[in-house]
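Asker: In our numbering, the protein residues as written are 1 to 231.
I should point out that these hints are in silico values taken from the structure, not numbers from a laboratory.
Check before you lean on any hint, since a few could be wrong.
What the hints assert, rightly or not - The calculated lysine-lysine pairs, modelled on BS3-like cross-linking and capped at a C-alpha distance of 30 Å, are:
#, residue 1, residue 2
1, Lys82, Lys41
2, Lys186, Lys144
3, Lys182, Lys147
4, Lys160, Lys144
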Amino acid sequence: MKNLIQCLLMVGLILVSSSAALIPQAALAQKAAHDSSKWEKAIVTFEATDKTMPPPKEALLFIGSSTIVRWKTLAQDYSEHKVINRGFGGSQIADSVNFAERIILPYAPKAVFLRAGGNDLNAGKSVSQVFEDYQAFVAKIHAKLPKTDIFFIGLSPSIKRWQQADKEKELNGLVKNFVASKPHLKYIETYDMVLGPDGKPRKELFVEDELHFSDAGNKLLAEKVRPYLPK
1 MKNLIQCLLM VGLILVSSSA ALIPQAALAQ KAAHDSSKWE KAIVTFEATD KTMPPPKEAL
61 LFIGSSTIVR WKTLAQDYSE HKVINRGFGG SQIADSVNFA ERIILPYAPK AVFLRAGGND
121 LNAGKSVSQV FEDYQAFVAK IHAKLPKTDI FFIGLSPSIK RWQQADKEKE LNGLVKNFVA
181 SKPHLKYIET YDMVLGPDGK PRKELFVEDE LHFSDAGNKL LAEKVRPYLP K
């Protein structure tokens with residue numbers, strides 16, 4: 001009986017040790033570095049353009065995924081300001097973190113406007129993971145530019161990705177609560193601007209792919225952001 005108890009104790013210790021050894025590996029896998037290499041060509045193009053036409057300092061820099069890339073009237077919408085568009089389509093927040101030293105920090109912008117997160121959720125990231133990436137983005141910018149204002153342009157649902165609308169709203173809420181009372185951090189609400197009387201995204205605000213904004217959608221977005229521009 002005594003030998004049986006000793007054997008059971010030894011087996012238990014082995015199982016505990018094995019589980020403990022697996023925990024760090026799981027954590028490492030979850031925190032594995034995000035691979036941004038697919039965007040290298042886009043970043044190199046930005047850098048080449050910067051050499052021939054250096055962007056202005058103290059500008060308003062817009063960065064993020066295809067919503068920013070396809071915002072073709074950005075400079076025209078805010079013609080009274082110096083504007084830099086550094087969106088690269090399909091990107092996630094982690095990509096903007098990884099390339100910050102190359103396409104954000106060198107410009108010393110007066111303000112940074114980030115619109116991203118939808119691709120992250122669509123790729124399978126949890127809301128908490130995307131929120132952590134947002135926090136990493138803030139930390140990266142403010143480590144070098146502590147007085148630069150960072151605006152998170154909240155996510156709004158699309159027709160194509162309506163199934164993740166609740167997650168987008170949850171992410172918006174996390175960011176909104178996080179920036180409350182924090183200097184140089186702001187949240188811009190855009191969730192409801194696309195919704196019709198039925199509570200669903202309005203078709204006329206999107207192009208045929210039902211994901212990206214039409215001209216009418218971009219016009220609405222521009223008006224939502226306008227009150228947050230420096231006076």
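Asker: A separate judgement is required for each hint: does it hold in the structure or not?
Answerer: For each hint, the structure was consulted:
no.: 1; hint: Lys82 x Lys41; result: holds (25 Å)
no.: 2; hint: Lys186 x Lys144; result: holds (18 Å)
no.: 3; hint: Lys182 x Lys147; result: holds (12 Å)
no.: 4; hint: Lys160 x Lys144; result: violated (38 Å)
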